Amino acid sequence: MKHIEAKNVNVYYGENHVLKDIDLTIKENTVTAFIGPSGCGKSTFLRTLNRMNDYIDTFRKKGKIFIEGKDIYDKKVRVEELRRKVGMVFQKPNPFPKSIFENVAYGLKIHGISNKMEINETVEKSLKQAALWNEVKDKLDKPALSLSGGQQQRLCIARTLAVKPSIILMDEPASALDPISTAKIEELIQELKEKYTIVIVTHNMQQAARISDRTAFFYMGELVEYDKTSVLFTNPSNKQTENYITGRFG
Amino acid sequence: MKRSGEVIIEKVLALSGIITILTTLGIIWVLISESAGFFADIPLTDFLFDTEWTPLFAEKHYGILPLLSGTFLTTLIAISTALPMGIIIAVYLSEYADKRFRRTVKPMLEILAAVPTVVYGFFALTVVTPFLQQFIPSLGSFNALSAGLVMGIMIIPVISSLSEDALYAVPKSLREASYGMGATKFQTSFKVVVPAASSGILVSVILGIARAIGETMVVAIAAGQQPNLTLDPRQTVETITAYIVQVSLGDVQHGSLEYKTVFAAGITLFVFTFLLNNVSFWIKKKYQEKYE
Chain A
1 MKHIEAKNVN
11 VYYGENHVLK
21 DIDLTIKENT
31 VTAFIGPSGC
41 GKSTFLRTLN
51 RMNDYIDTFR
61 KKGKIFIEGK
71 DIYDKKVRVE
81 ELRRKVGMVF
91 QKPNPFPKSI
101 FENVAYGLKI
111 HGISNKMEIN
121 ETVEKSLKQA
131 ALWNEVKDKL
141 DKPALSLSGG
151 QQQRLCIART
161 LAVKPSIILM
171 DEPASALDPI
181 STAKIEELIQ
191 ELKEKYTIVI
201 VTHNMQQAAR
211 ISDRTAFFYM
221 GELVEYDKTS
231 VLFTNPSNKQ
241 TENYITGRFG
Chain B
1 MKRSGEVIIE
11 KVLALSGIIT
21 ILTTLGIIWV
31 LISESAGFFA
41 DIPLTDFLFD
51 TEWTPLFAEK
61 HYGILPLLSG
71 TFLTTLIAIS
81 TALPMGIIIA
91 VYLSEYADKR
101 FRRTVKPMLE
111 ILAAVPTVVY
121 GFFALTVVTP
131 FLQQFIPSLG
141 SFNALSAGLV
151 MGIMIIPVIS
161 SLSEDALYAV
171 PKSLREASYG
181 MGATKFQTSF
191 KVVVPAASSG
201 ILVSVILGIA
211 RAIGETMVVA
221 IAAGQQPNLT
231 LDPRQTVETI
241 TAYIVQVSLG
251 DVQHGSLEYK
261 TVFAAGITLF
271 VFTFLLNNVS
281 FWIKKKYQEK
291 YE
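Line by line, the protein sequences are chains A and B. Take the UniProt record's numbering: the last position of the first sequence gets the number 250, and nothing is skipped along the way. Take the UniProt record's numbering: the last position of the second sequence gets the number 292, and nothing is skipped along the way.
Chain B with its partners taken away, still in its complex shape (with noise of 0.2 Å):
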């Protein structure tokens, strides 16, 4: 027989553990059901293939690509930033740097990820885009540029800190062997080391995509809220995340069809960021596979 305590403590962590799964498939549910209304109305083919989203105007579009492009365009800024500033501190934190500088650096930088995205948005708005501005005249007082940009060095503690721990768990007898040969660090820690890590960088590097892709605040402040089928980064686009934000925050009816659009785009979003993080999942998996 087991204690009457030990079985309460057994169900309270089952039901711990039921209720997130049941949120997560709440959350599912009402995505799917809410966008089923809209796509009721709208035809699939409009919603893929117009080129323009105006909702809340008096000439009605419904075609994601504005938004999509949108959060394209601001998430590529993000990651060509944060891709090679997160890989070369993650070699230097790794290959290069002493252990006690390591031990400091490294949770400073993970505080990067701790400051509040508003914040970021507000510095992209007030001091980024300005300073642009002085090289880049036709820069828009919200653009695609500062809000990447931004986002990039927001999401580098996520890339280097994750492919940190991918190149330091690298055997140290792979060093040894490029050492042996005649190898300098260089080569060594950008031939073999880096190469070695790759598919954890990799993963790095996807979480990284979904963070840039599902983040809203930057983009919502500093990249502004028009739908903008454009490739441009000096325009103003609006991402996925801000069209949702500008709606919910707006005064649209509950239920009504513009109300719904919110749950297209949501879905539209969730499709996204749940494929990145299911490669990602078998990335890894598939490496671990390989390591041991």
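Okay, chain A solo, but in the shape it has when bound (with noise of 0.2 Å):
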């Protein structure tokens, strides 16, 4: 099913025009990776996604962008449901300076929900999807900020999935974090594709090649090749693809 539909978008930014003609579809339950040089659009096309844009004054959109079917651009979608649905994870972890607990439950709250047993079971479940449970079980009334930067993004993540998203967009989740933490952070993705779709900024190739299902390659704006990951890194149909893949530029 198709999870996803890019059509035609346009992206400016003032008179600066960052995405050009941007056509992809993204399948329910799929890892998705964008990569690109610096500048080339993936990760403002990985904002329009959840409307994270409408903040920046000169941002402008031409084209649509469905989710489930529905235009998410239009006037009557309240972009708050929408980010319920496709929510986000940044580049760097940013826990909020609460506890824990809080930082799981926070979103509960703020969707109206008040029932003490639902935010605690919902809090350990999302815990537990985020593989973080058995590291913070004993101390959830602790701060936040005391986790290691791996357990402060995979609470991150917990946080996200708490609000019961289908999609969930990550912009570069692991590039502030040590190999190791990678490592966890790249297996929780393959865990987490059975439920969810997954759409991924990444500088890293060889992360790109190792979890994701299909990749688009960004440059300048525009969408220069999208495929399956084992065909667009093993047998790029496009040359600048190829060149940026081997590393030849980027």
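Read the hints as simulated data drawn from the structure, not as lab findings. These figures come from a predicted structure and were not determined experimentally. For every residue, glycine included, the Cβ atom is placed at its ideal position computed from N, Cα and C. Treat the hints with care, as some may be off.
Cβ-Cβ distance ranges computed for the label pairs, FRET-style [stated by the list, open to error]: (1) 52(B) / 114(A): 50 to 60 Å; (2) 2(A) / 101(B): 38 to 48 Å; (3) 22(B) / 139(A): 44 to 54 Å.
Since each chain sits alone in its own frame, please combine them into the complex, following the hints.
So, in structure tokens, the structure goes:
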């Protein structure tokens, strides 16, 4: 099933044309990696999928993006509901300066859930899903900032899972982490894909090759090539893609 | 060898620093030595527990409580006015207002702090009190309520400006995390940004309280000069500062016990503001450690 569908998407920051005619479809329960050199527009595109760019004054968009068949930029869409469905994990772990428990419970509370039992259960379940439960179950009331960087990032993933999204956007989620923490996050992504559709921006091509089902290569605001990861990395049809993945530029 | 000009500049700079420190030490010394004279005549227990303060009357009592209650009451009213207003203004400027509006309005708010306090005093006495009397007929012409309210308006900039700095310093990534989970701007502002800036806001509130406790002209003009052990905001009260003004301007004989009461009151005031400043300094330090 098509989960995300972009049709002829163009994005401008003021005069700057940062995304050009992007057409792309993402299937349910897959991991899709966006790769490309800095400034190629991959993060911008990721952020148009949950309307995070709405906060940039000069942002303009043309074309349409459908999630589960609905135009997400339609006037009737409540952006809060959209973001509940399309969760996001950021480059640098950004837990709130609250306790571990409160971090995960935050999303539930803002969506009006006040039943303590339900909150407790969801917090536990989300932490288990994010493979963090065993490390934190005895110190849920400790500040989230006391955790290591890798644990903080898994906490941020747990926090996102708690509001029950169907899509998770990840903006270079492991780029600020050490190799062991990175491996844990990658392993986690593999597990999460059974229930969620995952879109991940990464600078690390080995990472894209390891974890994704499909890969999209962006360059200078254009979607140069989009294919199965195994095909794109072994037999790219575009010269630019080949140059990038073989390390000739980027 | 250093050039001689540089040596002179170094000395001048060091001297300015030393003069400031010496002045502070001098003030503390005068406060302690003069109030020591007071406490030689009046037992500390009378000072702390007597419920009347009448050093200028025939029947003399030296209980600081009525002055403390006056200070406490006006400060409480001031901070209850300034805290909600200050924080709402700070949140609006930091989270909602566009950049240009913020750049224009913030300095304008700070002008509130530049109005001479005597003007605030007369504003309380001649505008606010008559206005409030329309709704509260039992309000005296000198009362704690008007003085406290106006003092609250006066310290809004202290709270709003410092709180706004603290809110603005909260990393953008925390706001994004909150929006990313589907939070509204209002939820993000009050459930994430304000708590994250809480130590900075607390510092602003403590400095506001210190300012209110030490404030003199507004309360001397609008709250009256009648020591009164009460927490009724409609009544006339006298604060520690107002009492000091009253005696300093009066014809009390230099060196007399009445004269020394000023220093006893002064040292009480000093202890409070000193403690508050230290608490705010301590919070600030702890807060910086957390975010660096």
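We went through each hint and held it up to the structure:
{"no.": "1", "hint": "52(B) / 114(A): 50 to 60 Å", "in the structure": "52 Å, holds"}
{"no.": "2", "hint": "2(A) / 101(B): 38 to 48 Å", "in the structure": "43 Å, holds"}
{"no.": "3", "hint": "22(B) / 139(A): 44 to 54 Å", "in the structure": "51 Å, holds"}
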